[in-house]
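Chains A and B, in that order, give the protein sequences.
Our numbering applies: residue 200 is where the first sequence begins, and numbers increase by one.
Our numbering applies: residue 30 is where the second sequence begins, and numbers increase by one.
Keep in mind the hints are simulated off the structure, nothing from the lab.
Bear in mind that the values here come from a model prediction, so they are computed numbers and not experimental data.
All C-beta atoms, glycine included, are put in the ideal place defined by N, C-alpha and C.
A few of these clues could be false.
Unchecked claim - Sample of chain B residues at the chain A side, in silico, Cβ under 8 Å:
| hint | residue |
| --- | --- |
| 1 | R301 |
| 2 | P376 |
| 3 | L378 |
| 4 | F381 |
Unchecked claim - Lysine-lysine pairs mimicking DSS-like chemistry, simulated, CA-CA at most 27 Å apart:
| hint | chain 1 | residue 1 | chain 2 | residue 2 |
| --- | --- | --- | --- | --- |
| 5 | A | K528 | B | K311 |
| 6 | B | K364 | B | K394 |
| 7 | A | K443 | B | K394 |
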Amino acid sequence: MTDLLYSEEEEALRAAVRDLLTDHCDAASVIVRTESDAPHDLSLWKSLADGMGLAGLLVPEAQGGQGATHREVAVVLEELGRAVAPVPYLTSAVVATEALLACDADDLLAELASGRRIGALAVSLSVAPGGSYKAVRHENGSLHGELTGIADAAAADVLLVPGEDGGLYAVDAGAVTVVPQVSLDLTRPLATVAFDGAPARRIGDAEPAVRRALRAGAGLLASEQLGVADWTLTETVRYLKERKQFNRPVGGFQALKHRLAQLWLEVVSLRAAARNAADALATGEDTDVAVAVAQAYAASVAVHAAEEAVQLHGGIGMTWEHPAHLYLKRAKADSIAYGTAGAHREALAELVDLQAP
Amino acid sequence: MSEETTEAITEAASAAAELRRRAQELLAAHPPLETDQLDFLKARFDAGLAWVHYPEGLGGLGAPRALQAVVDAELEAAGAPDNDPRRIGIGLGMAAPTVLRFGTEEQKQRFLRPLWVGEEVWCQLFSEPGAGSDLAALGTRAVREGDDWIVNGQKVWTSSAHLARWAILIARTDPDVPKHAGITYFICDMTDPGVEVRPLRQITGEAEFNEVFLTNVRIPDAHRLGEIGDGWRVAQTTLMNERVSIGGMRIPREGGMIGPISKTWRERPELRTHDLHQRLLKLWVEAEVARLSGERLRQQLVAGQPGHEGSGMKLAFARLNQEISGLEVELRGEKGLLYDDWTMRRPELVDFTGRDAGYRYLRSKGNSIEGGTSEVLLNIVAERVLGLPAEPRTDKDVAWKDLAR
């Protein structure tokens, strides 16, 4: 049976990541950074990737990685979600890395695993595993066309690009034009990527690589969503114990207590679903169902938690200064990332034989 | 793997092997096919294999609770009878843990064996017409008379009362102190001439529950559980166990209410609509997530990290049962307008799957009321898990007799 708990090692990993984020990823600086020219925190990325070796968790040791599993990655993502950390971890260390693991590009894999380079899969963030995605034209060793909605492309050193001929191509970021898009989630910004004869190297077939990458991305996104929900619930509860109106802590009013208890129940449930998806990705058993269940459930919880945080903080929750909006924006964007809950429910209809009319 | 972990696993493995050995010994001495069912169960109890986490001499061996599964599997494989736990759920899940924790040696010796083997059925006399969620407001009086207590009052929602030999009962022994302080916990003889049981018909048409009228019922002081006035604390043990047993069962995928509706969906394509499809998928996902949460809770308990998630599970299952069965009635279309049987019956067991969707829909309405209403459970989660302040109260420091009623 699936192990839905956290091991001692996983808890130790969590503590280490949380310490780092507490020291180097406070909400105030994240807010300031969102409006700067450098929305990604590359020095934090260096500490995570270089310092702690977390970029290579999914890569076998023989290929330059740490040889860990999706279970550990999930713990890292919970913590990154709790901090809405603006680092390309999910996009590079999970999605691009999984795509490379399905290809023949050990050099790139080792570079991504070490954190020396950042990769991005050039597929729109909104595409679900198995969904259709846009490709660009490949001609005489170079690519032509434009792709939109590419998460963290602005931070990427190398892009993994689906070609219309069915190949997956590696392209240096220096050879393409990356234009940031004004994004709902300021901490995971999107960009358009224009290819005007960019030299490209075929590293494998796009379809299986993209499918594998998006499935891992979707499954592990649930852990990030859990982190977002966990932080917003915890912070809202803390605030409501402190905030007084009518000469009482606001958190003592039953109408609010019931809403928070309900939310707690949702978060507890999401934890089980997210652990199940991470474990299924690690073992390869029942993976499609576990990922689809987690993604069909996670978005509503993270969004609900973030919306409650904004509402229950009252006026302060509506300000730019308070970090609640970062979580709301991340939660809402995550509800589209790697497929909406509806897309994953449709996948389940096939997987568990509950066919549409 | 750390040395300690390895050691713990070796220990657990050898404990499991020892239990298997004892189970085989029991089977050899009392071959199930040639032994009277009750005799076998008594022998199993005496061998300490009834509930292995109970103490020796009381049906257990003081072993970890998780190892019960090892014994159950071994005996089941040999075709041994079980004690039909669903028939005696209140005894096993509520009375037994309370007797074990608060009973005297004589009480434990007298009550636990017949309870476990199913010779004596138990029921619970807690709720009253005027004391539901506010159970501590109860008004059933117990007055001391020599070595006995004389009990008068009315209890309600008592399943199995008409079958029960014994009841766990809480009654007011001191009306002059605040309500939580004046309650005492008793074991009540249901054959006492002062006990009258009347079926209470419910919205399903049947009467699973009873009203119980207590008129000058005589209870010897030797059947008191715990100290005089300490009944509220004793009752907490009973109620915690009730919630665990309602919310904490291990189930396979599609094992609950979602099973029958999924089956109907697959077998009756002509009933399908897009609206029903979306709602079914959403509930299927929620049922699967609730199942995983239950499994995670179970793993936490086995790993010795109990949480308050039990209250949470009961909340989740109550809502899901209601929504899924409600959808199932709709899915049935014209058939949803019918009901299988309104005949007044007094069933021994609640069987959710043996009847139609309409029955499931109506019966599951009780899931958010029995064993603590969902509203009270949300308060418990808010206060005990999240640490939010309690509502201001006006009833805590006032003598029970002075409370407005």
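Verification of the supplied hints:
With 8 Å as the threshold, the beta carbon of R301 of chain B comes within range of chain A, its nearest partner Cβ sitting at about 4 Å, so the hint holds. A least Cβ separation of about 31 Å between P376 of chain B and chain A goes past the 8 Å threshold, and the interface hint is therefore violated. The interface hint given for L378 of chain B is violated, since its Cβ lies 28 Å from the closest Cβ of chain A, which is over the 8 Å cut-off. Checking F381 of chain B against chain A: minimum C-beta separation of about 20 Å lies over 8 Å; hint violated.
Annotation: proposed proximity of K528 of chain A to K311 of chain B holds, straight-line Cα distance about 24 Å (limit 27 Å). Straight-line distance between C-alpha atoms of K364 of chain B and K394 of chain B comes to about 20 Å, which keeps the hinted pair within the 27 Å bound. Distance restraint check for K443 of chain A and K394 of chain B: the Cα-Cα separation of roughly 37 Å exceeds the 27 Å cut-off, and the hinted pair is therefore not satisfied.
Violated hints for the displayed structure, listed by number in ascending order: 2, 3, 4, 7.
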